[in-house]
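*Asks:* Since each chain comes alone in its own frame, lean on the hints to assemble the complex.
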Amino acid sequence: MALEGTLKDMSLSDLFQVFRMGPKTGVLFLACTDLRAIVYVAAGELIDAAVVCLPDRRVIAAHDEAVIQMLLWDDAAFVFRHNPAVLHRPVRIRHDAEHLVLESIRRRDDLRSMLPYHHVTLDTCLQLSPLSAGRECSVSLSVIQWRILSQVPHHSSIRAISQATGMPPDQVIHSVLELMAIGLVEIAPAPRLAQQPLRRHEMMVTETTDHAPHFAWAASVHPDERAGAHERRLPISRSLIDAVMRRVRGL
Amino acid sequence: MQILKIVVTGAYAAGKSQFIRTISDIEPVSTDYAVTLEEERALKRETTVALDFGTIAITDRLSLYLFGTPGQERFDFMWEHLSTGALGYVVMVDSCRPAHFAETQQLMARFSEITDAPFVVAANKQDDQAALPPAYIRRRLGIPAETPVLPCIATDRESVKQVLLALLRLIAARVQD
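Protein chains in written order, with this note's numbering: chain A, 1 to 251; chain B, 252 to 428.
Just chain B, with the same shape it has in the complex (with noise of 0.2 Å):
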């Protein structure tokens, strides 16, 4: 059995569980637990503190595995060891919560220390029409022109596709045979 694995991250209810329950084989499992935090709790009422996993099957022999890392930055501990090997990884942005925005770019830079895998950002919640544009978002964030930024609704299958594949091709780019 080969095995190819991709990490989902993005700060707090940026979208991550859902992006990998949109797209798995199988029912994602899922290590969420009561938010305890009651500002947390305003925005959800369950967060995933280790991880969340989501598979794809390739082939009989091949399976594309996704990781969903924890969000809240006390569980930082867990991006290193969830990046170990991952051909590249998917940051999820809400573009409905500026609020964000410091959390993930200290995220996005924290992931440049541990790894150098190509990534792309992904604007979620694109099907709210006071949503910020992607646009918008690649300013604030400070990414650099070669690095997409992506419109993603993280409940629709096409849209998630999209940014996986999107992904890959960055990934392609890089693979030599």
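Looking at chain A on its own, in the form it has when it is part of the complex (with noise of 0.2 Å):
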């Protein structure tokens, strides 16, 4: 049992966010080609961390400066194990997991590899992290940094973001995908599809007469194709999805 995938898959900083979110006390497992990489969290927080090197295990980073270069890695493969034990370790990470994805961001040359998985373009959307509500870190926001922050509740679109503010899309861009990375925005969902589906949903249930299994009926084919049958399809009633719901309660 554990919470496994890549880099690719979910990034580093979105793990922290997830850690903080639980939050979990485990340990991280990251390998990427001959590197290895261990974080110990407690209660969602990093409190240490140690990067080495095979074959021989050499220590290459430890602590704050280990998270940093873990954060750097475009790809890895991860596993995070719940352990209760790491609660008693000693705590050797000084600074809080926002402050150390910032860091590795001013180290970074593209952003966009950091979250492989977030498409931002100008006319994405944005809101306010709804898991960063009421939780406390010592992250320090740049100027250009807050006043994207500030726009987002009036102006959802990046588009609107850089023509309210003035500032280059390009720049607008790079600030929400660090905004993004330590948590503060997200992009907000796009609303239902609203493209015609290929049938409208119809409320039906459907009568048979036939006593037979009824498993082929449902699995099979076009209500068409079954027109004619022992069967007839009727509008459901809100009393028969009572009378569900009353059974479901009661299994």
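By construction, these hints were calculated from the structure, which means they are not laboratory data. Wrong hints could be hidden among the right ones.
[To be verified] Which chain A residues face chain B? A few, computed with CB under 7 Å, are given here:
{"id": "1", "residue": "ALA2"}
{"id": "2", "residue": "GLY5"}
{"id": "3", "residue": "MET10"}
{"id": "4", "residue": "VAL18"}
{"id": "5", "residue": "ARG81"}
{"id": "6", "residue": "HIS82"}
{"id": "7", "residue": "ILE173"}
{"id": "8", "residue": "LEU177"}
{"id": "9", "residue": "GLU186"}
{"id": "10", "residue": "ALA243"}
[Claimed, not checked] Ranges of calculated distance between the beta carbons of each label pair, as one might list FRET restraints:
{"id": "11", "chain 1": "A", "residue 1": "ARG232", "chain 2": "B", "residue 2": "GLU364", "range": "26 to 32 Å"}
{"id": "12", "chain 1": "A", "residue 1": "ALA164", "chain 2": "B", "residue 2": "ARG408", "range": "49 to 55 Å"}
{"id": "13", "chain 1": "A", "residue 1": "ILE38", "chain 2": "B", "residue 2": "THR310", "range": "36 to 42 Å"}
{"id": "14", "chain 1": "A", "residue 1": "ARG81", "chain 2": "B", "residue 2": "MET252", "range": "47 to 53 Å"}
{"id": "15", "chain 1": "B", "residue 1": "ALA424", "chain 2": "A", "residue 2": "LEU122", "range": "34 to 40 Å"}
{"id": "16", "chain 1": "A", "residue 1": "HIS154", "chain 2": "B", "residue 2": "SER363", "range": "26 to 32 Å"}
{"id": "17", "chain 1": "B", "residue 1": "ARG408", "chain 2": "A", "residue 2": "GLN171", "range": "49 to 55 Å"}
In this text the structure is predicted, and so the values were computed from the model without any measurement. Each residue gets a CB set at the ideal place from its N, CA and C atoms; glycine is no exception.
*Replies:* Here is the structure:
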């Protein structure tokens, strides 16, 4: 039992946000070519970390610097396992995760590779992240980041923020990616797709006179192809749904 | 005999078959075959290639049928058949495998083309303390606030009941007497 994936599936900055949300306690292992890394997480906070190089397991970075080094990796396999024993380990990391993420951003050339699964364009709509509400962290935002953050509730798209602030679109996108990496803003979900479905959903119950197993019926074919068999389709009533709910509650 | 139908869908190894097995009155009918691809075999030994089928008897004359779709995309031609006439659907997500999020997003987009039936998202494997929280899964899948994203343990009947009840509440809101 573990959370597993690669940094292409889920970035380290996202993992740190999830640790804080939990809050999680456990050990995060990462493997990137001949490098191996470990991060200890206690009640959502990063408390210790190291990066070693195989085959002799020579330590090449420790504590805060180790986390920053990991944040510069574009891909690595990771496994996070819950482990309450971590709560008893000494704290050797001085800064919180958001500070370390921002520090790694300053050392990066390409911020997009840090969040590979987010496609941020001028038309991307943003919202303040509810995940960060109420938490305390010592992150220091730049004036530009503050300007953009303050615009998010009023201008949802990046294009609108760029126009409102007079900042170049590229600069706005870059700062938005920074704010996403530390979990302060997120991409707003699109409303449910307005495209026309193949069929409008019809609330129907099927009545059959056939007592054979009905397995084939429902699995099968388009209703029109079944018409004329020992069945008919009737509009569904609220009382029918209420009966189903009562039965499910009683299971 | 009156029949209602709900579809349980989701990416590969998300827990669809287990969800149906946990709540069904009958031993579910499954069409599982040995997994052939090496990378998929690392996750589980058998997979559903056509459908899973379970039932919940509501009364002597009314049954709820549960259909699980095959998870692998190469069987997506089944999805439209299975969703025909369904009251709604449950999208299962493995909360411990972010690698499956992209596939889940594609699946949800495909279902929204097939049907506008109501649906809920079940964030499965929440009994693992390392699991991603539903709030993060909502964010990653881009699910709007009006669609419930529920914690789920597919092996736990109470948890499966809560997911089904959430879906039934959405369905009830659309039905008028």
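*Asks:* Against each hint, give a clear statement of whether it holds in the structure.
*Replies:* Now the hints, each set against the structure:
| no. | hint | verdict |
| --- | --- | --- |
| 1 | ALA2 | holds (5 Å) |
| 2 | GLY5 | holds (4 Å) |
| 3 | MET10 | holds (4 Å) |
| 4 | VAL18 | holds (5 Å) |
| 5 | ARG81 | holds (6 Å) |
| 6 | HIS82 | holds (4 Å) |
| 7 | ILE173 | violated (18 Å) |
| 8 | LEU177 | violated (15 Å) |
| 9 | GLU186 | holds (5 Å) |
| 10 | ALA243 | holds (6 Å) |
| 11 | A:ARG232 - B:GLU364: 26 to 32 Å | holds (28 Å) |
| 12 | A:ALA164 - B:ARG408: 49 to 55 Å | holds (52 Å) |
| 13 | A:ILE38 - B:THR310: 36 to 42 Å | violated (57 Å) |
| 14 | A:ARG81 - B:MET252: 47 to 53 Å | holds (49 Å) |
| 15 | B:ALA424 - A:LEU122: 34 to 40 Å | holds (36 Å) |
| 16 | A:HIS154 - B:SER363: 26 to 32 Å | holds (30 Å) |
| 17 | B:ARG408 - A:GLN171: 49 to 55 Å | holds (53 Å) |
Hint check: violations occur at hints 7, 8 and 13; the rest are consistent with the structure.
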